[in-house]
Structure formats: C-alpha cells, structure tokens
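Colleague: In order, the protein sequences belong to chains A and B. If you're matching positions, the first sequence starts at 1 in the numbering used here and goes up one per residue. If you're matching positions, the second sequence starts at 1 in the numbering used here and goes up one per residue.
No lab work stands behind these hints, which were simulated from the structure alone. Mixed in with the good hints there might be a few duds.
Between beta-carbon pairs, the in silico distance windows are [claimed, not checked]:
no.: 1; chain 1: A; residue 1: L261; chain 2: B; residue 2: N154; range: 28 to 36 angstroms
no.: 2; chain 1: B; residue 1: I289; chain 2: A; residue 2: K269; range: 31 to 39 angstroms
no.: 3; chain 1: A; residue 1: S110; chain 2: B; residue 2: S70; range: 38 to 46 angstroms
Covered stretches of chain B (in silico footprint by chain A; criterion: 3 or more residues with CB under 8 angstroms from a CB of chain A, positions within the stretch not fixed) [claimed, not checked]:
no.: 4; stretch: 93–103
no.: 5; stretch: 196–204
Here the structure is a predicted model, which is why all the values come from computation and not from measurement. By construction, the Cβ of each residue, glycine as well, lies at the ideal position given by its N, Cα and C atoms.
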Amino acid sequence: MNNDNILSGRKNLFYNLIAILLLIALLFPIYWMFATSLKAEQEIFRIPPTFWPQKLNFASYAAQLESGDFNMFRSFSNSLIIAFSSMAISVVLAIPASYGIARYQFKGKSMIVLGFLITQMLPVSVLLTPLFIMFRNMNLYNSLFSAILADSTIGIPFSVLILKNYFASIPKELEEAAYIDGCNRFTAFGKVLIPIAKPGVVVCAVFSFLYAWGDLAYGMTFITDQVKRPITAGIYNFMGQYGTRWSYLTAYAVVTIIPVLLIFIFMQKYIISGMTSGAVKG
Amino acid sequence: MKAIKKFFRFDNIGYIFVLPAFLYMMFFVGYPIFSNLMLSLRDVNMRNIKTGIQPFVGFENYVVLFTRDSVLTDALINTLIFTVASIVFQFIIGFGLALILNKTFTLAKPIRGILMVPWMIPITVTALMFKFIFGTDVGILNYILNALGLISENIDWLTNPFTAKIALIITNIWIGIPFNMILIATGLTTIPKEMYESAAIDGANKLQTFKNITLPLLKPTIESVLILGFIYTFKVYDLVWVMTSGGPVNSTHMLSTYSYKLSFEMFKYSEGASVANVLFVILLFVSLIYLKVVYKEERT
Numbered sequence: 001m002n003n004d005n006i007l008s009g010r011k012n013l014f015y016n017l018i019a020i021l022l023l024i025a026l027l028f029p030i031y032w033m034f035a036t037s038l039k040a041e042q043e044i045f046r047i048p049p050t051f052w053p054q055k056l057n058f059a060s061y062a063a064q065l066e067s068g069d070f071n072m073f074r075s076f077s078n079s080l081i082i083a084f085s086s087m088a089i090s091v092v093l094a095i096p097a098s099y100g101i102a103r104y105q106f107k108g109k110s111m112i113v114l115g116f117l118i119t120q121m122l123p124v125s126v127l128l129t130p131l132f133i134m135f136r137n138m139n140l141y142n143s144l145f146s147a148i149l150a151d152s153t154i155g156i157p158f159s160v161l162i163l164k165n166y167f168a169s170i171p172k173e174l175e176e177a178a179y180i181d182g183c184n185r186f187t188a189f190g191k192v193l194i195p196i197a198k199p200g201v202v203v204c205a206v207f208s209f210l211y212a213w214g215d216l217a218y219g220m221t222f223i224t225d226q227v228k229r230p231i232t233a234g235i236y237n238f239m240g241q242y243g244t245r246w247s248y249l250t251a252y253a254v255v256t257i258i259p260v261l262l263i264f265i266f267m268q269k270y271i272i273s274g275m276t277s278g279a280v281k282g
Numbered sequence: 001m002k003a004i005k006k007f008f009r010f011d012n013i014g015y016i017f018v019l020p021a022f023l024y025m026m027f028f029v030g031y032p033i034f035s036n037l038m039l040s041l042r043d044v045n046m047r048n049i050k051t052g053i054q055p056f057v058g059f060e061n062y063v064v065l066f067t068r069d070s071v072l073t074d075a076l077i078n079t080l081i082f083t084v085a086s087i088v089f090q091f092i093i094g095f096g097l098a099l100i101l102n103k104t105f106t107l108a109k110p111i112r113g114i115l116m117v118p119w120m121i122p123i124t125v126t127a128l129m130f131k132f133i134f135g136t137d138v139g140i141l142n143y144i145l146n147a148l149g150l151i152s153e154n155i156d157w158l159t160n161p162f163t164a165k166i167a168l169i170i171t172n173i174w175i176g177i178p179f180n181m182i183l184i185a186t187g188l189t190t191i192p193k194e195m196y197e198s199a200a201i202d203g204a205n206k207l208q209t210f211k212n213i214t215l216p217l218l219k220p221t222i223e224s225v226l227i228l229g230f231i232y233t234f235k236v237y238d239l240v241w242v243m244t245s246g247g248p249v250n251s252t253h254m255l256s257t258y259s260y261k262l263s264f265e266m267f268k269y270s271e272g273a274s275v276a277n278v279l280f281v282i283l284l285f286v287s288l289i290y291l292k293v294v295y296k297e298e299r300t
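Chain A on its own, in the form it takes in the complex (with noise of 0.2 angstroms):
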C-alpha cells in the first residue's frame, strides 16, 4: 500500500466516515470502562446510563491508593517487577539462542526450533499443575520469582523464533568485517550484530513484558498472598469480594492498562511487527 495515492475527495471522506463509526463501535467496551470509572456509585445504576459522569469522580482511584487488602498501588509496582524481570530473562536468554540458530549448523537444531515452535501453542494448563508443585519444592512458592520463572517460558520461544529471522537477514559480510577487524566470534556477536538487530530485540522486549503484565494463571495460582500478587490477579480477588462495586473495579481496571496504553502510543509500530511476524500471541 502506497501513502502517496490517496483516494480521491468524496470517496476519502466516505471511507473515513465508515472506518471512524467501526473505530468508535469496537473501541466502546473501553470508553464505557473508562467512563464508569469516574462515575459515583450511585450514577453507575441509574437509568437512563449516563454517556458521560455528570460529575466527575476520582474517588475510587483515591480509595485504592490508600492501604488496605487492595492497594492497587502495591500490586500495580508487583506487576512492574515480574513484568520487566521476565521481559530480561527473556530477551538475555533469547538473543544469543536466536542467533545460534541463524548462523550455526549443529545436530538436533531443527528439532530444537520445533521445541520452541510447539512450546508457543502450549496451554497454561498444561505447566500449572506440575509448576506449582515443583515451586513448592524449591520453596519458590508465593514469592514473585515463581511467576517470573513461570512468565518467562511464554516469553523466550516468542522472542526466540522473532529474533531468529531477524540475525538470518543481517548479512554474514558485516560479521566478516568485524573478524578482520580483530573481533572474535563472541566479541562480534556483542559489538556489531546485537546493535543491528535492536528492532527485533525491542519487539521481543516489548512481547515479553505485555505477556507477563496480562499473565493471570500463573500470578494467581503461584502466589497466595494478596500484597504479593500480581495487579490481574489483584483484579480477580477484587472482584470476588466487592462484585458489584463497579465504580472501583473499573477504576482499578483502568490503571492497569495504562502500561499497555504508554506501549501502544510509543511502540506501536513494534506492536504491528510482533504480531505479523507469524509468531504470534501465546
């Protein structure tokens, strides 16, 4: 598709129109969360709905931040740790594998990307279960490394097989260049092609950082106690003891994307490539 030949005036306009109302239609589940959020309780059931608060409301943000069994402020910064420690395992164990597997022949690789390949399609389920007992074990059980180590497997093949086409397509001259300039093959891995293949790192980084942060299963069902959970599962409790307090549960909701939103606006376009590079969602 080429931006230089736009549509012609009427049809532009029309096509417009039709995307803005699609846009708005799909979107409103969001705008409705948002809304309600700063909603007062009482205007949350009144009927006819109002589209917009008739008077804004910040107290159920207000009445989270301070202590109590949910304070969205603890869990919003637990999220931020397993979030980003995964986003590290993942992308620190993901470069060099990735790379191995683009430039080097060696026995059982294709069965090694098939590991990789079928370790995306698998179900949480599947590892909950023997996870939780071998976390009990290793007495990593209700502690935030358990969802760290447990976030990181979606993570890594994801971040894998991205980076993996994006150091096949760096051209080996330039690893040539690097060796007569005196690198060897590890100093020319760090020097030149890392620095090349940044876009993919940051879409592996981005990947693994929004796996984590939306991560239910695994934050919920490894860590018990409320003040070390992750803010999705902070989300669940809260809805299992205050239902209907829809004021605060969207408000809560709201804060919880704000990472995902901060995400989309500054990297939006490393979004789009994650997502079209075939490997895709776990």
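Please build the complex by placing chain B on the supplied structure of chain A, with the hints as guidance.
Modeller: Using the frame of chain A, we list chain B on its own:
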C-alpha cells in the same frame, strides 16, 4: 580467507549460544510436561501431596473423569463450540475490516493501529469490562436492547447457561478481531497491484476479482490465521475464569478452567493434570498440522 571460513565453520559452537535458553525451557517446560503426564497416572491430592506417598493408578483418572459425570465431555464440547464460533466471526469481521482499512484513505493507517488496542489489553481487564456490559441490571447491553424494543425483560446474561456461553463467545470475538484483521491486512498488501489492474482490464467485477484473485492468493495467510486462531482460542483460560468461572453449575467450563478447578479448588491435582493432558494432546495434534501446512508452503 581460511580464517573466515573457520569463523563460520559448521561446528558445535552453536550449542554454546543456544544452551542457556534450551536448559531453561527444558527445566521449566520440558520437565513439567513429563511430570504432568506422570501426575495423571498417579493419585495426588491435598492429603498426600506433602507425604509423597502417591499411589500409581494407571489410566484410572482418565476413566473416572470420563465416566463419573458429564463435566469433562461437556467441557470438551463447550471448548469446541466456543472455538469454532469465535473463529468464524473473528475471521469474517477481521477480513471485512482489513478490506476496508487497506483502502488508501487519510485515516486508514492510524485507525488500523488503534484497533490493535483490544488485543493488547490484559484479558482479565477485558473480562471485567464485558462482565459489566453483560450485567443484568447494571449492564448497558440490556439497556440498549430494551431501548430498541428487542427485549421486554432484562436478560440474565451470565447466570443462564445458554446466554453465558453466548456472552463468552461475543467477548472472545472482540479480543480476536485485531489479530485476524492485521494478519489479513498484511497478507493483502503482498498481492501485486498489477493483478488487480489486469483483472480490471479484462472486465472482471469486484466479486469476481475477490473470488479469483484475492482469496486464492491469500490462501496461505488464511490457513495460518485460522489454525493459529484455533490453537489460541482452544486454550482459553483467563477470559472464562474471570467471567463465569465455569458456572452456572459447570455449564460454561472449558477444558482449561475445568482442569484449574480440579487442581486448585478441589485439590485433585492428578485429575486436573489429566484434563490438562487431554487439552495438550488435542493442541499438539493441531500444532503439528499447522507446522506441516506452513512448512509445505515455505517449500513451494
């Protein structure tokens, strides 16, 4: 030159690079898969998980699960219906959107970008959002249906077994639209413009062009989207767990949620592991089909 050859020599140095990730995955994925299999052949429950005395029972867990009640077979059927219904609508809507957004109008690109957002949001949040929309008295959906005169009484969306399934499917369609749209849109951009131009010269109408050019050239994309969609939808967990937890009375269980309930609410770890294995075998089978399809296309 010889040195350069040596640099890229086919040797086992690749192992050094792959080893850390490989070991990690063996430890946290490979071993657990094996251990899940062993778990399903024993009787591990809340009482004996600490003592370690866990009798070997062979395939008894599987037999019990399939014969004791109909929850497992129902979950299997639910998962299948949920998956197929979701995919059909996601695909059609995603395809339609891709066709519209592939036109070159001013806002096409930004709107295509913004439509990614539903896919990026944590599923827990999406589930909460839709639980609110589907609420009996508080939900906006019932209000709209009422205002349009389509219903006279509020529907108990999530507490009626039939409508709960519909609600789950609708929510999942919403989640999956961006994925379908972006993959098909990307596929569409790979079709050379000249093909359409020559079709227009030959006097083909829009429908003929779509049937004879767009669809056949898009076949590899369509296959990937559908099979990947099947795999990702079939293992649904968070969405159902947050919206209905398998209720009312086990009517909306999927394989994943039933497995979770057995392991972590009823503490029958072996039964939970067995249900997970049923899910695993089905997905493994479909994954292998997918890999075969992709591999075949890469070669041709």
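Colleague: Look at each hint and say if it fits the structure.
Modeller: Verification of the hints:
{"no.": "1", "hint": "L261(A) with N154(B): 28 to 36 angstroms", "verdict": "holds (33 angstroms)"}
{"no.": "2", "hint": "I289(B) with K269(A): 31 to 39 angstroms", "verdict": "holds (32 angstroms)"}
{"no.": "3", "hint": "S110(A) with S70(B): 38 to 46 angstroms", "verdict": "holds (42 angstroms)"}
{"no.": "4", "hint": "93–103", "verdict": "holds (count 5)"}
{"no.": "5", "hint": "196–204", "verdict": "violated (count 0)"}
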